[in-house]
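Chains F and V, in that order, give the protein sequences.
When we follow the numbering used here, the leftmost residue of the first sequence carries the number 4, and every step to the right adds one.
When we follow the numbering used here, the leftmost residue of the second sequence carries the number 60, and every step to the right adds one.
FYI, nobody ran anything at the bench for these hints, they're computed from the structure.
Note that CB positions come from ideal geometry on N, CA and C, so glycine has one too.
The reader is advised that the hints may include incorrect statements.
To be verified - Derived DSS-like pairs (lysine-lysine); straight-line CA-CA distance at most 30 Å:
hint : chain 1 : residue 1 : chain 2 : residue 2
1    : F       : Lys-268   : V       : Lys-224
2    : F       : Lys-268   : V       : Lys-291
3    : F       : Lys-122   : V       : Lys-379
4    : V       : Lys-315   : F       : Lys-231
5    : F       : Lys-268   : V       : Lys-252
6    : F       : Lys-122   : V       : Lys-315
7    : V       : Lys-142   : F       : Lys-143
8    : F       : Lys-251   : V       : Lys-252
9    : F       : Lys-251   : V       : Lys-291
Unchecked claim - Quick look at which bits of chain V chain F covers, simulated, 3 or more residues with Cβ under 8 Å:
hint : region
10   : 150 to 157
11   : 199 to 209
12   : 230 to 236
13   : 375 to 381
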Amino acid sequence: MNQFAISATNLVKEFKANKHVVTAINGLSLQVAPGETYGLIGPDGAGKTTTTRVILGLLSRTSGESSVLGFDSMNDMYEIRKRVGYIAQQFSLPPPLTVMENMLFFAGIHSVSSEQQKKRIPELLAFAGLSEFMNRLAGKLSGGMKKKLALACSLIHEPQVVMLDEPTLGVDPVSRREFWNLLGNLRAERGLTIFVCTHYMDEAERCTRVGLMYEGKLIVDDSPANIKRIIPGHVLEFMPSDFAAARKLCNEMDGVLEVQTYGDKLHVFVGDVAKRKPQIEAALASQGITHDNLREIEVRMEEAFISLIRRQKESVEQDGMLTQKSEMSGEI
Amino acid sequence: MSAELFVTQSQVTPILVQNLTRRFGAFTAVDDVSFSVQAGEVFGWLGPNGAGKTTTIRMLLGLIKPSSGSAFVSGFNSATQTKLVHAHVGYMSQQFTLYNDLTAMQNIRFYGGVHGLSSDELRQRISEIIQMAGLVGRENTLTGSLSGGWKQRLALGCAIVHHPKVVFLDEPTAGVDPISRRQFWELIYQMAKDGVTVLVTTHYMDEAELCQRVGFISAGRLVALDSVSQLKLTQMRGQVLEINVSDPEKAVRILKAAQQSHQVPLDEVALYGAQIHAVVPDAQEYNDAIQRLLTQDNIRVNSIEWIAPTLEDVFISSVKARVDAN
Ligand SMILES: Nc1ncnc2c1ncn2[C@@H]1O[C@H](COP(=O)(O)OP(=O)(O)OP(=O)(O)O)[C@@H](O)[C@H]1O
Ligand SMILES: Nc1ncnc2c1ncn2[C@@H]1O[C@H](COP(=O)(O)OP(=O)(O)OP(=O)(O)O)[C@@H](O)[C@H]1O
Ligand SMILES: [Mg+2]
Ligand SMILES: [Mg+2]
Numbered sequence: 004m005n006q007f008a009i010s011a012t013n014l015v016k017e018f019k020a021n022k023h024v025v026t027a028i029n030g031l032s033l034q035v036a037p038g039e040t041y042g043l044i045g046p047d048g049a050g051k052t053t054t055t056r057v058i059l060g061l062l063s064r065t066s067g068e069s070s071v072l073g074f075d076s077m078n079d080m081y082e083i084r085k086r087v088g089y090i091a092q093q094f095s096l097p098p099p100l101t102v103m104e105n106m107l108f109f110a111g112i113h114s115v116s117s118e119q120q121k122k123r124i125p126e127l128l129a130f131a132g133l134s135e136f137m138n139r140l141a142g143k144l145s146g147g148m149k150k151k152l153a154l155a156c157s158l159i160h161e162p163q164v165v166m167l168d169e170p171t172l173g174v175d176p177v178s179r180r181e182f183w184n185l186l187g188n189l190r191a192e193r194g195l196t197i198f199v200c201t202h203y204m205d206e207a208e209r210c211t212r213v214g215l216m217y218e219g220k221l222i223v224d225d226s227p228a229n230i231k232r233i234i235p236g237h238v239l240e241f242m243p244s245d246f247a248a249a250r251k252l253c254n255e256m257d258g259v260l261e262v263q264t265y266g267d268k269l270h271v272f273v274g275d276v277a278k279r280k281p282q283i284e285a286a287l288a289s290q291g292i293t294h295d296n297l298r299e300i301e302v303r304m305e306e307a308f309i310s311l312i313r314r315q316k317e318s319v320e321q322d323g324m325l326t327q328k329s330e331m332s333g334e335i
Numbered sequence: 060m061s062a063e064l065f066v067t068q069s070q071v072t073p074i075l076v077q078n079l080t081r082r083f084g085a086f087t088a089v090d091d092v093s094f095s096v097q098a099g100e101v102f103g104w105l106g107p108n109g110a111g112k113t114t115t116i117r118m119l120l121g122l123i124k125p126s127s128g129s130a131f132v133s134g135f136n137s138a139t140q141t142k143l144v145h146a147h148v149g150y151m152s153q154q155f156t157l158y159n160d161l162t163a164m165q166n167i168r169f170y171g172g173v174h175g176l177s178s179d180e181l182r183q184r185i186s187e188i189i190q191m192a193g194l195v196g197r198e199n200t201l202t203g204s205l206s207g208g209w210k211q212r213l214a215l216g217c218a219i220v221h222h223p224k225v226v227f228l229d230e231p232t233a234g235v236d237p238i239s240r241r242q243f244w245e246l247i248y249q250m251a252k253d254g255v256t257v258l259v260t261t262h263y264m265d266e267a268e269l270c271q272r273v274g275f276i277s278a279g280r281l282v283a284l285d286s287v288s289q290l291k292l293t294q295m296r297g298q299v300l301e302i303n304v305s306d307p308e309k310a311v312r313i314l315k316a317a318q319q320s321h322q323v324p325l326d327e328v329a330l331y332g333a334q335i336h337a338v339v340p341d342a343q344e345y346n347d348a349i350q351r352l353l354t355q356d357n358i359r360v361n362s363i364e365w366i367a368p369t370l371e372d373v374f375i376s377s378v379k380a381r382v383d384a385n
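Please model the complete structure; the sequences and the hints are all you need to start from.
Printed below as a string of structure tokens:
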């Protein structure tokens, strides 16, 4: 039991709203070992925030077990709070306080010694890019700056475990990398255990393990490398001159397993690159669609996520309608 | 309205910003910014945290007054004709502004009512928006108990309930999943096709690639204003090598060390999930050197390829260029 930093077994959480019951967590089990970085991903409303809050003891569970560092979520929530840094998806900072006062406030409630404060606060302010704005009221910071202040505050007491619910929501691309580098350093230096809910698939890629949540259940729980291996086929990437036409064309082609969009690029999944690549190029040319270099790329978590969720939805719908599953045109 | 007046009205620049400046005490949040957005254009308003994006939008909406300069929406002065501006725009703010104690449907009805929709129009719009936001079956859920991503979808719906001609979206896709993110953008494009002008901020650079034109603001100053393809030509210092390796975190440390010691003239090394983008003056020239550097340290290089820069490469490059300059 104690060997896990975070543990949940057959966890269930129901909300009673009006007359009906919403099952936000539906029999979820997961274990996170000390020093691991665990990423929880899933569609909007899958139950990620609820799972985080139940494990932390901020919401009561309906049934099942959950604990952090061996402390039971429901019975020992104060022990958990002492040892865990938490950032809520919709967090709030005391608005009448300045940036510095916020840091001191969080240091105070976690009884961080003044020696430690002198060392940690400047470091964290520098990380958050807030050193110049120490005396600004937190309420007057930009959205991303507030988020970075909240991140800095959650790390001030050097927690053993952090549970972060969309920590980089609204944070710019450069700061997002700096935040992950900081987490990486804390993991290397102090064996910090990290549990993070995120919609950024590049962040999920940096986790040691990823759980994919769907309608209250964990449908995949594995390393990013293994998750990407589940996805059949290879991905061809290109930027067509006529996006909609190219998408339609590829969708209807033989041997195309799936078509996804990524910004202004198309990602076309095929089984056999050598065979399909020239066919796609020829088909595009015949329609007068030009494109940049059509190349094979490695599958990333972004593609894996979309593919897995699509297939999950399809299988749920098909189960519901009791229709026969259509043969996938596989040619791996 | 006379026919002539109508014609001039429809040719008015939907968004026009002239030498716009906003100070808070001694601090300048927006510093002499000028740009315009044409009808039916999707304009990306990008920049690092605290750059001044939201402050610019707030001035365009007349929610705060400029210290100097001016902002016009559909030809109306945002500072002095605020009511007229509000009648023409849709606004999805970065901060959540729906009522948590109303249901999803009641929020749409409320925002529709504010904009003076008739009850017939409302009935139609409510079902359209519930559909669009993927909230079918959740019409009567209290907004406060919707998940973060669903709230965001509902907020977008409420912002466009009255079919505005100019729409300001401040980080509309923050906190929504990768699939809904794509749906948001299909919707944005649909609106633009129908002639709606869209100014949108985002920290997702793959989304920003979809904008027809991009303004890049840093520390209050407009530092670039162009099409995405043009920005990639003008703002990128060097060429990008995309590297796939066995241990990306370790490989980044090795490359950063080489950068520090000037072993290889690396302008930037950044991790994209499990991939590395290395920016060098000449991709072909340094390809081998980088590969050697990594294999020396027992990193397996699965592939290394010269690619066109992504907008994210450009963003990082120009933010770092500014940090270096200071
Ligand atoms: N207080 C509540 N009362 C009723 N239902 C709730 C409450 N909180 C959450 N829910 C419901 O529980 C489900 C899971 O929501 P949750 O916020 O955990 O999702 P999530 O995975 O974090 O989504 P997102 O990525 O959008 O933040 C949703 O159906 C949501 O409406
Ligand atoms: N009322 C205010 N008083 C003092 N400073 C303010 C006020 N409003 C904004 N600022 C400051 O102006 C700067 C720009 O803020 P703004 O919200 O426009 O940034 P942003 O580009 O939208 O950033 P983000 O990506 O984080 O949302 C910030 O330094 C912010 O703290
Ligand atoms: Mg959530
Ligand atoms: Mg903002």
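Hint check: Lys-251(F) vs Lys-252(V), CA-CA at most 30 Å. Holds or violated? holds, 19 Å
Would you check the hint for Lys-315(V) and Lys-231(F), treating anything up to 30 Å between C-alpha atoms as holding? holds, 27 Å
Pairwise hint evaluation, Lys-224(V) against Lys-268(F), where the allowed Cα distance is 30 Å at most: It holds: about 28 Å lies between the C-alpha atoms, which stays within 30 Å.
Satisfaction of hint between Lys-143(F) and Lys-142(V), Cα-Cα up to 30 Å: holds, 25 Å
Pairwise hint evaluation, Lys-291(V) against Lys-251(F), where the allowed Cα distance is 30 Å at most: holds, 28 Å
If you draw a straight line from the CA of Lys-268(F) to the CA of Lys-252(V), is it 30 Å or shorter? Satisfied, since the Cα-Cα distance of roughly 20 Å is no more than 30 Å.
Outcome, coverage of the region 150 to 157 of chain V by chain F - at least 3 residues whose beta-carbon is closer than 8 Å to one in that chain: holds (count 3)
Need the status of pair Lys-122(F), Lys-379(V): alpha-carbon distance at most 30 Å? Within the cut-off at roughly 27 Å; holds.
Is the listed coverage of the region 199 to 209 of chain V by chain F valid when you require three or more residues with a beta carbon under 8 Å from a beta carbon of that chain? holds (count 9)
If you count the residues of the region 230 to 236 of chain V with a beta-carbon closer than 8 Å to a beta-carbon of chain F, do you get 3 or more? holds (count 5)
Does the region 375 to 381 of chain V contain three or more residues whose Cβ lies closer than 8 Å to a Cβ of chain F? holds (count 3)
Hinted pair Lys-268(F) and Lys-291(V), Cα distance within 30 Å: holds, 16 Å
Hint compliance for this structure: no hint is broken.
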